[in-house]
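Heads up: the protein sequence lines correspond to chains A and B, in order.
Be aware that the first sequence starts at 1, since it is given in the UniProt record's numbering, and climbs by one per residue.
Be aware that the second sequence starts at 1, since it is given in the UniProt record's numbering, and climbs by one per residue.
Quick caveat, the hints were computed from the structure, so don't treat them as lab data.
Ideal Cβ positions, reconstructed from N, Cα and C, are used throughout, including at glycine.
Possibly wrong hints are sitting among the right ones.
[Claimed, not checked] What follows is a list of derived Cβ distance ranges for each label pair:
#	chain 1	residue 1	chain 2	residue 2	range
1	B	A198	A	T47	40 to 46 Å
2	B	P41	A	E166	26 to 32 Å
3	B	G147	A	H271	45 to 51 Å
[Claimed, not checked] In the DMTMM-like style, the derived pairs of lysine to aspartate or glutamate whose C-alpha atoms are separated by at most 25 Å in a straight line are:
#	chain 1	residue 1	chain 2	residue 2
4	B	K165	A	E43
5	A	K44	B	D92
6	A	K259	A	D214
7	A	K154	A	E400
8	B	K165	A	E15
9	A	K114	B	D160
10	B	K165	A	E41
11	B	K144	A	D303
12	A	K46	A	D57
13	A	K44	B	D160
14	B	K119	A	E15
15	B	K165	A	E39
16	B	K254	B	E187
17	B	K225	B	E31
18	A	K114	A	E229
19	A	K114	B	D159
20	B	K225	B	E14
21	B	K144	B	E117
22	A	K140	A	E41
23	B	K165	A	E151
24	B	K215	B	E238
25	B	K119	B	E238
26	A	K46	B	E134
27	A	K259	A	D380
28	B	K215	B	E187
29	B	K10	B	D92
30	B	K144	B	E94
31	B	K165	A	E400
32	B	K215	A	D187
33	B	K165	A	E355
34	A	K379	A	E77
35	A	K44	B	D159
36	B	K119	B	D83
37	A	K372	A	D258
38	A	K46	A	D194
39	B	K119	A	D302
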Amino acid sequence: MTADGANSFRTGPDERGRFGIYGGRFVSETLMPLILDLEAEYEKAKTDPTFWAEMDDLWTHYVGRPSPLYFAPRLTEELGGAKVYLKRDELNHTGAHKINNVLGQILLARRMGKTRIIAETGAGQHGVATATVCAKFGLKCVVYMGATDVERQKPNVFRMRLLGAEVIPATSGRATLKDAMNEAMRDWVTNIDDTFYCIGTVAGPHPYPAMVRDFQSIIGKETRAQMQEAEGRLPDVLVACIGGGSNAMGLFHPFLDDKDVRIVGVEAGGHGVDERMEHAASLTGGRPGVLHGNRTYLLQDDDGQILEGHSISAGLDYPGIGPEHSWLHDIKRVEYVSVTDAEALDAFQLSCRTEGIIPALEPAHALAHVTKLAPTLPKDSLLVMNMCGRGDKDIFTVAEALGTSI
Amino acid sequence: MTRIDRRFAKLAAEGRAAFVPYVMAGDPDRETSLEIIRGLPAAGADLIEFGLPFTDPMADGPAVQLAGQRALEAGMTLQGTLDLVRALRETDDETPVVIMGYYNPIYSMGVETFLAEAKSAGVDGLIVVDLPPEEDDELCLPAKAAGLNFIRLATPTTDDRRLPKVLSNTSGFVYYVSITGITGAAEATAAAVAPEVARIKSQGGLPVCVGFGIKTPERASEIAKVADGVVVGSAIVERIGAGQSPAEVLAFVKSLADAAHNAKG
Chain A
1 MTADGANSFR TGPDERGRFG IYGGRFVSET LMPLILDLEA EYEKAKTDPT
51 FWAEMDDLWT HYVGRPSPLY FAPRLTEELG GAKVYLKRDE LNHTGAHKIN
101 NVLGQILLAR RMGKTRIIAE TGAGQHGVAT ATVCAKFGLK CVVYMGATDV
151 ERQKPNVFRM RLLGAEVIPA TSGRATLKDA MNEAMRDWVT NIDDTFYCIG
201 TVAGPHPYPA MVRDFQSIIG KETRAQMQEA EGRLPDVLVA CIGGGSNAMG
251 LFHPFLDDKD VRIVGVEAGG HGVDERMEHA ASLTGGRPGV LHGNRTYLLQ
301 DDDGQILEGH SISAGLDYPG IGPEHSWLHD IKRVEYVSVT DAEALDAFQL
351 SCRTEGIIPA LEPAHALAHV TKLAPTLPKD SLLVMNMCGR GDKDIFTVAE
401 ALGTSI
Chain B
1 MTRIDRRFAK LAAEGRAAFV PYVMAGDPDR ETSLEIIRGL PAAGADLIEF
51 GLPFTDPMAD GPAVQLAGQR ALEAGMTLQG TLDLVRALRE TDDETPVVIM
101 GYYNPIYSMG VETFLAEAKS AGVDGLIVVD LPPEEDDELC LPAKAAGLNF
151 IRLATPTTDD RRLPKVLSNT SGFVYYVSIT GITGAAEATA AAVAPEVARI
201 KSQGGLPVCV GFGIKTPERA SEIAKVADGV VVGSAIVERI GAGQSPAEVL
251 AFVKSLADAA HNAKG
């Protein structure tokens, strides 16, 4: 049952932009008219067939959708349990799921007459996707990236610059994704007339969590159809990694009302989810609070100050999570677990060795949980993991963690 | 009537604009901060805006961000901020104090507990940057019920369609954010601000104080001619950040206050 007692888990958010108590519009007055305009524009676009026709055309011819649903035979054999399928969103143009959402937001920005696009990025995948689509449409692009991440994701920084984006390092705090998001919001509040803020995950003020989810839901919709075709039925288990949670929400949302589909979100456990707080697992190690425009689970201290968290994966290194995940956690429709940096590194290598797929460190977290879960499931059960990004960007981080220099 | 209402009534009778300094609680440390706020009324502060430190101040520029970091590093908390107000009230029971910050520390403490503590500490009003009218049931309405003023920000993006909503549960005064942007950024001009102040006053009649982008006595004087009050924050906390003594900081505050007070003379 949903918060409003309806018979579906897929009707949220309500008119205040809330999923249960989560979500909302916690922004400064300067931004309120902007997010109300965006909401109105999105509501129009949502039911406009020409908007979706343009999306479909770009998804097909520019991104390369549908992404394959690939049965991973050697991984399945190695784990000795459920049949493991990988949803290959790492094969998208720009190498991750991020572009699914960016295309939607940029089309909206064009409809609203905005000429300057800003974005925040952690691992750089959302920044690269935004820079790419801006280049394609001839829009000015400014990407805020934590200075720490600029250092650990150099290939993506160079990519963004090649694509014509200006990359501005955020130096406040521990200089990661949270700080990049603060800087992007400061830019937005300053440049209200021409600027569109393209948020990369299912977080932020309403309507972003719902809008980004809707754009990413292409992942789950395709998975349903592809699994029907491959096996003649729906999958039994879905697994995806979660930073802000956009790839996971995209995979999960079309399945929320299929009660027999078990759904598992995997947070970044960093050095372990304990009182040291050296992790990025907001649901398993945080509590509800308000940050970046929404109420959601956050890593915070007793005084309500936001903690920095830690993950080997720059894309998961965020002290919050999308509000819809917080709600799904509370009502127990989705299980949320965490895996450590070390477990993710092992899974990273397993994927390379058994399937010839170099995963991003983000989905390597999902895979680490799959290695625990799949062996416990019957051999005829069907598990889908979202391989939401490829790992080229991470080879330097992985090399360092493995004690090699390249 | 709150201290804020009484203060604006008095200022109106005297035909003066209010001077409202902003300082961050606990910046650079508790003792220095207390010395500064205790000196503010004598330096000409008609109201005091007291910043509540937060790790992620999304509407603030570098000066206030750094002030918050210094305060947090020195151990300041929401409870500590309220304790400082309590300490100020030992020497001053007249000057209104407005807590300005972000919602999460308050939400974390619990709204009911916070309001009871704030009231007993001697806080008069709240400015919570990330609570627009759409979220009034979170804190604005409970604060009103508890007898605290909830002071809303109006901005250049608050058009006539939206202004009634912004003013609806506002009390004490309206804080007009004179620029689109973060604190301490671009400079506001009196020519741009005057018609906006008039527009806001014409609806509801609350006093209008202007802030964001006022850095010098000259600018404070200009804005004071067209508004009911002038708020200066970044320029003051920059001096605290540069290591100026409380006496030096208070001398600067006095220069701003004198400029604002004499503007309509």
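Verification of the supplied hints:
1. B:A198 - A:T47: 40 to 46 Å: Holds, at about 42 Å.
2. B:P41 - A:E166: 26 to 32 Å: Taking Cβ atoms as reference, P41 of chain B and E166 of chain A lie about 46 Å apart, which means the hint is violated.
3. B:G147 - A:H271: 45 to 51 Å: Between G147 of chain B and H271 of chain A, where Cβ atoms are some 47 Å apart, the hint holds.
4. B:K165 - A:E43: The given pair, whose Cα atoms are some 22 Å apart, holds under the 25 Å limit.
5. A:K44 - B:D92: Measuring from Cα to Cα gives roughly 55 Å; hence the hint is violated.
6. A:K259 - A:D214: 20 Å, holds
7. A:K154 - A:E400: 14 Å, holds
8. B:K165 - A:E15: 17 Å, holds
9. A:K114 - B:D160: 23 Å, holds
10. B:K165 - A:E41: Satisfied, since the Cα-Cα distance of roughly 21 Å is no more than 25 Å.
11. B:K144 - A:D303: With a Cα-Cα distance of about 24 Å, the restraint between K144 of chain B and D303 of chain A holds, given a limit of 25 Å.
12. A:K46 - A:D57: 16 Å, holds
13. A:K44 - B:D160: Holds. K44 of chain A to D160 of chain B sits at ~24 Å (cutoff 25 Å).
14. B:K119 - A:E15: Distance of about 33 Å is beyond 25 Å: violated.
15. B:K165 - A:E39: 18 Å, holds
16. B:K254 - B:E187: Distance of about 20 Å is within 25 Å: holds.
17. B:K225 - B:E31: With Cα atoms ~35 Å apart, K225 of chain B and E31 of chain B exceed 25 Å; violated.
18. A:K114 - A:E229: 41 Å, violated
19. A:K114 - B:D159: 20 Å, holds
20. B:K225 - B:E14: 14 Å, holds
21. B:K144 - B:E117: Distance of about 15 Å is within 25 Å: holds.
22. A:K140 - A:E41: With Cα atoms ~21 Å apart, K140 of chain A and E41 of chain A stay inside 25 Å; holds.
23. B:K165 - A:E151: 45 Å, violated
24. B:K215 - B:E238: OK: K215 of chain B and E238 of chain B at ~10 Å, within 25 Å.
25. B:K119 - B:E238: Violated: K119 of chain B and E238 of chain B sit about 30 Å apart, past 25 Å.
26. A:K46 - B:E134: Cα-Cα ~23 Å, so holds.
27. A:K259 - A:D380: Holds, because 19 Å separates the two Cα atoms, which is no more than 25 Å.
28. B:K215 - B:E187: At roughly 8 Å apart (the allowed maximum being 25 Å), E187 of chain B and K215 of chain B satisfy the hint.
29. B:K10 - B:D92: 17 Å, holds
30. B:K144 - B:E94: Cα-Cα ~20 Å, so holds.
31. B:K165 - A:E400: 55 Å, violated
32. B:K215 - A:D187: Answer holds: K215 of chain B to D187 of chain A is near 21 Å, not above 25 Å.
33. B:K165 - A:E355: 58 Å, violated
34. A:K379 - A:E77: Roughly 10 Å separates the two Cα atoms, so the pair holds.
35. A:K44 - B:D159: Judged against 25 Å, a Cα distance of about 22 Å means the pair holds.
36. B:K119 - B:D83: 12 Å, holds
37. A:K372 - A:D258: 24 Å, holds
38. A:K46 - A:D194: 23 Å, holds
39. B:K119 - A:D302: 22 Å, holds
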